[in-house]
Amino acid sequence: MNGAKALWATLANHGISTVFGYPGGAIMPVYDALTFYPEVRHVLTRHEQGAAHAAEGWAKATGELGVCMATSGPGATNLVTGLADAMLDSVPLLAITGNVASHLMGTDAFQEADITGITLPITKHNYVVRDVAELPRIVAEAIRIARSGRPGPVLVDIPKDIQLAAFAGQIPAPQARPEAPAPNPEALARARELLRGAKKPVMMVGGGSLDAAAEITALARAWDIPVITTLMGLGTFPASDPLWLGMPGMHGSVAANRAISEADVLLGLGLRFDDRVTGRVSGFAPHAAIIHVDLDAAEIGKIVRTHVPVRGDAAQAARLLAEGAQPLPRAEWRAQLDAWKARTETPGHWGAGYAVKAVVDRLRPDDLLSSDVGQHQMLAAQLARFEKPRRWINSGGLGTMGFGLPAAIGAGMAEPGVRSVVIAGDGGFQMTAQELATLKMYDIRNVKICIINNSYLGMVRQWQELFHEKRYSEVWLGDSNPDFVKLADAYDVPAYRASTAEELPGAIDAWLANPKSALLEVVVPHEHGVFPMVPAGAALSEMIETEPARPGAPTPEASEA
Amino acid sequence: MTPEQPTPDHLLSILVRDEPRVLTRITALFGRRGYNIKSLSVGTTEHPGVSRMTIVVSGDRGVVEQAMRQLEKLHDVVKIIDHSLEKYVDRELVLVKVAINPETRVEVRQIAEDFRSRIVDVGRHALTFEVTGDEGKITAFIEQLRPFGILETMRTGRIALTRGSNADIPAHVYHPGETQTLQPVLSAEPREERAREVPNLF
Ligand SMILES: Cc1ncc(C[n+]2csc(CCOP(=O)(O)OP(=O)(O)O)c2C)c(N)n1
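These protein sequence lines map, in sequence, to chains A and B. No gaps in the numbering here: position 505 of the first sequence is 508 in this note's numbering, and each next residue is one more. No gaps in the numbering here: position 128 of the second sequence is 220 in this note's numbering, and each next residue is one more.
If you're looking for bench data, these hints aren't it; they were derived computationally from the structure. Built from N, CA and C at the ideal position, the CB exists for glycine as well. Hints are not guaranteed to be accurate.
[Claimed, not checked] Cross-link-like lysine to aspartate or glutamate pairs, in silico, EDC-like; alpha carbons within 20 Å at most: (1) 305/A <-> 174/B; (2) 229/B <-> 164/B; (3) 165/B <-> 550/A.
[Unchecked claim] Now the stretches of chain A that chain B is said to cover, found in silico as 3 or more residues with beta-carbon under 8 Å: (4) 454 to 463; (5) 533 to 545.
[To be verified] Residues from chain A that keep clear of chain B, each with C-beta distances beyond 12 Å, as calculated: (6) 148; (7) 246; (8) 368.
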């Protein structure tokens, strides 16, 4: 057995069934050895960034490790965006890269890049394997690190000579995930005391709570506390529950942002108070005593002052906090929240929001919904009604355009029986559009792509409109966009188009009814904003609730005339 | 404007696995988050595979706690000791080259003797002293010599150990007798052990 086979044997032993990757010179022994391990499926994407995002999609949908693979130099550097994305969103990811032979490392050899140096700040940990005897142990350790505690990406760089070297040792078995430290009982007691005295409590749950949905739901109902789910936490609390207030932050709901601004106790579970959530920190939850539960001690007190820090697993902490709960009469608070909730606008007239709503209204509770990045992402986050966690696959922390399609492929491959819908913009879709080939190659049938085509880099255009006096600099795509239906056709992906509210329902029906993966392009008006919006640097209470009137904004058509 | 308060210094010992890029990982973490390292010294320990870094950072308590919690997450970090929480001994070695002339030679030597400093190099116009001590002693020594004309100084950076018989490196860090490798970052139980080294950890 050589190092390359030892790698596959270790991956197989750890139950890895699927690896997304792209071959090249420095990883050829690994691809050669792959032919001996039919139990592991390799999925050839059309770009290493696609491989990384597909592995992320797999991991975000299942909670299990995603694995991606690339050759040295340009292959490895193409993984970088995916690794940074996985780091910020705490996604368990293993990246395997080939590298030039050990004796060439550090000599600027052909296709050499110092990938461990490059990825140092965007991985949880990384390794260069210097001795074949260490290879399986390192891979096993990398898997353990990626999955344990706060999950994250780990990279293992394997020089070509190590892949070829003879290996005679044991292939390690997977280790149990270490248990999270139990939350401090004293801290829990203080938290309960605060909740008991709260008149306007609110709970806020993030991506660190995805696997604690049942406990969090029980906790909220036991204390009768309204729940806000962050962009990363959508689905952790059922949207149909009257206690749900929506998403907080820059494009959060009126109810969520007002509740935070008024709350006297804020219980945060598994979230990191990102600046898109808090707005201006000094104006965040100004009246609230903050209880923060997180597995990662470094997150507690990092951004906001915390009155009761609780280090621990969200599920365990939620279960313990629910003990001795006493729902208190908070009729006034509930009435206030309901009034704010009533301000939720549903997009009434034709536009991006209308189209996104029409699509997300057709989702079934088990369906996966991925998004790319931009206005369509915020609209989907605002309008989709998730009943379960791990159905919303999106790039929250890094905001990576090009994430949507490959992530939907990865999630869809993890759950082939489930519909994997992706909403993308005309801009971001083109960053990884070549992954349509991956759909074709593996005859993937459950990926449903919806492009919201506003002919603009819409989100940037919105900021230019609001904060740069409508100087629309380098955001117009209308003259150069491809014909998306023809583009899909070139990859044998059936495609549909709707350009009016009347055409949309029929197009959605045909798109979803097609037994194959299919694409739907919805052509929408060019200028359309996402509201509510908290301008960058403002406090949540300074939210702009509805779209300002737009007196004859200049359009490219108008300037052509 | 309030007059600027000098930010306090914090003395940390960080025990790390002796592997490539450890130093980069640690200093990069400080750098990225904007914590300024005032002094850094690294050396091996009595345990093969474990190195010890002494870092002096300036910043208020919150900054230092955040730095420690970020450090604690690194796979390479075995243990962090914040010396402000216990009694410790610390030392720094400094080489000081002072200008002399026939009139000042005796006086300079006398100051050095008072500080139990050794002469390590004698030139016609300069003497080089070696002085070891804690920060106060070294600062006082340099201040005494300053009027004569300091030509060059080089400091090693501070190093520290906790006082008493407690060893800073817990026994479980190491497989006794076995291969030269650390236990894989010490599995679940010792990880918690490390967490307890971070102060105020709930
Ligand atoms: C890789 C990358 N480059 C640039 C950006 C900045 N950015 C954020 S949203 C956006 C516009 C996205 O436009 P589009 O994909 O058409 O979606 P829309 O906002 O119109 O829905 C841009 C350029 C980004 N998030 N990611």
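Practice task
Please flag the earlier hints that this structure goes against, numbers listed from lowest up.
Solution key: Violated: hints 2, 3, 4, 5, 6.
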